[in-house]
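Student: With chain A fixed as given, assemble chain B onto it according to the hints.
2 protein chains.
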Amino acid sequence: MLIIKIGGGKNINFDNIAADLASLVKAGSKIILIHGASEKRDEIAQRLGIPTKTIMSPSGISSVLTDSDAIDVFLMAYCGVVNKRLVEKLFAHNINAVGLSGVDGRLWQAKRKGAIMIKEKNKVKLLKGNLTGRVEKINDHLLKLLINSDYLPVISAPAISHENEIVNTDNDFATAVMAGALGVFEIVYLFEAPGLLKDFKDKKSVISQINRNELDDMMEFAEGRMKKKLIGVKKAFEVGVKKVYFGDGRVENPITNALKGKGTIIS
Amino acid sequence: MLIIKIGGGKNINFDNIAADLASLVKAGSKIILIHGASEKRDEIAQRLGIPTKTIMSPSGISSVLTDSDAIDVFLMAYCGVVNKRLVEKLFAHNINAVGLSGVDGRLWQAKRKGAIMIKEKNKVKLLKGNLTGRVEKINDHLLKLLINSDYLPVISAPAISHENEIVNTDNDFATAVMAGALGVFEIVYLFEAPGLLKDFKDKKSVISQINRNELDDMMEFAEGRMKKKLIGVKKAFEVGVKKVYFGDGRVENPITNALKGKGTIIS
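As they're listed, the protein sequences go chains A and B.
When we follow our numbering, the leftmost residue of the first sequence carries the number 5, and every step to the right adds one.
When we follow our numbering, the leftmost residue of the second sequence carries the number 5, and every step to the right adds one.
Just chain A, with the same shape it has in the complex (with noise of 0.2 Å):
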């Protein structure tokens, strides 16, 4: 089994990708896919008058603040729009999708996140009541349930908390405990960059291979949302993966490219 993660950025071509999987699928693999949509989601919040707004951990990495407006705005870009479009696009695949969220069955469980520690204007301070939570526990049964006739789940967050709260998670994250849950050995994770670029102003600067034990010296490399990135696969191989793909989403074939090593490949 494989699974792959679609960045929401906003030239990923899902054309390319629904293509791609196509060959794969018919091929015989059996595949998750799980995406973001958080291009849709700021458009969305923008149209509604919602900016979204960022926060940064102390040790620099940014995401969103979430409050309950902004969940219901989550919940119209990845669970809405973006996942029924995905699901219809594989259609014209002839792939069997079933679009879910973290939410549906409790399919990702997640620890709500206290009082968490934001860094605003140089200064640390304690952030409260913010809808985010790390997951978990997976409904491994109900994914078994879907892939064991055939259905491909195509997965979003949110996911829902120990409490029955609707809560914003990483996707990346989650895909990672989500692998472990399920014995998955390899991830694609597929965004809007060649690979894990060295200097990332140079597009030529893709780092092909990574030794996992290496990751943590990689995070100097990786700026804003690719930090989060290889946290998600650092967790990853915690959990039992054995190789993780990195490849560019915006290209034709972008998961076989990925596969055959044209991105980053860490093992």
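Hint data in this document are derived by calculation from the structure and do not stem from the laboratory.
Be careful, since some hints might not be right.
It does not matter which identical chain is meant; a pair holds if it fits inside one copy or across any two.
What the hints assert, rightly or not - Straight-line alpha carbon distances no greater than 25 Å define the calculated PhoX-like cross-link-like pairs of lysine-lysine that follow: (1) K115 x K93; (2) K132 x K93; (3) K141 x K231; (4) K93 x K141; (5) K232 x K266; (6) K247 x K141; (7) K34 x K148.
Tutor: This is chain B only, laid out in the frame that chain A set:
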């Protein structure tokens, strides 16, 4: 098995419905829930500056004009906010809910309508490009898979056309077709009225019993959306349903009350 359809009106009390459902599930009932989200759809459309356009059929039945933007709003409201918030509420009552749309796994397969006749300013004219369809086929395999594993499916429109386009569809009609496909004998429809009213301005004029053969005569008492509901009910009897309950979705114990005959029973 029991199918319960909840309207998407403003005053529908989802908390009461969830509590009532919990008691039925605890007593061993297998249930499928279908929900509307018309109020939330209109609200989002308005906030996004995409007002809902209603059209009128030559026979006087109103429905929503659906272009691709309208489908996106539909996905935000039905599959996004309302579906997932309802699933969240059901968890609080220990109900193992899984939210799906008619799109997922081709759950509701619809025949897309071609150009349709509409009535505008007392003139009948042809309208093209309307993304609507009528549900003809159900993926009963997916539903049984979930139900037999004790998941409670929470389903809403839209549906998927035979040509793999997301299309708006009438929830009440789809509910009836689904009952037929699953061999379900009873459907409860909950909405913002105490039952079918003889005089829609007089809340005390509830018709408590209707013979299924009198449905056509009842059309004269039906206002607006209720006409569509009665068409759905007619379809339900055609596909093998034995009893349909209309009940008030705003009160305590709305399902139990409807089953006790406090609204309208059609048989």
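Student: Decide, hint by hint, whether the structure agrees.
Tutor: Now for the hints, and whether the structure bears them out:
1. Within a single copy, K115 and K93 get their C-alpha atoms only as close as 33 Å, which misses the 25 Å cut-off; across copies the closest is 18 Å, which meets it.
2. For a Cα distance limit of 25 Å, the shortest separation of K132 from K93 across copies, 23 Å, qualifies, whereas the shortest one inside one copy, 39 Å, does not.
3. With identical chains, the CA atoms of K141 and K231 are at most 25 Å apart within one copy only, with a shortest distance of 23 Å there and 46 Å across copies.
4. When the C-alpha separation of K93 and K141 is checked against a cutoff of 25 Å, the pair qualifies only between copies, where the shortest distance is 20 Å, while the shortest distance within a copy is 29 Å.
5. Taking identical chains as interchangeable, the C-alpha atoms of K232 and K266 lie at most 25 Å apart only when both belong to the same chain, with a minimum of 22 Å there against 55 Å between chains.
6. Taking CA atoms no more than 25 Å apart as the test, K247 paired with K141 passes inside one copy only; the shortest distance there is 22 Å, against 42 Å between copies.
7. Taking CA atoms no more than 25 Å apart as the test, K34 paired with K148 passes in both settings, with 11 Å inside one copy and 22 Å between copies.
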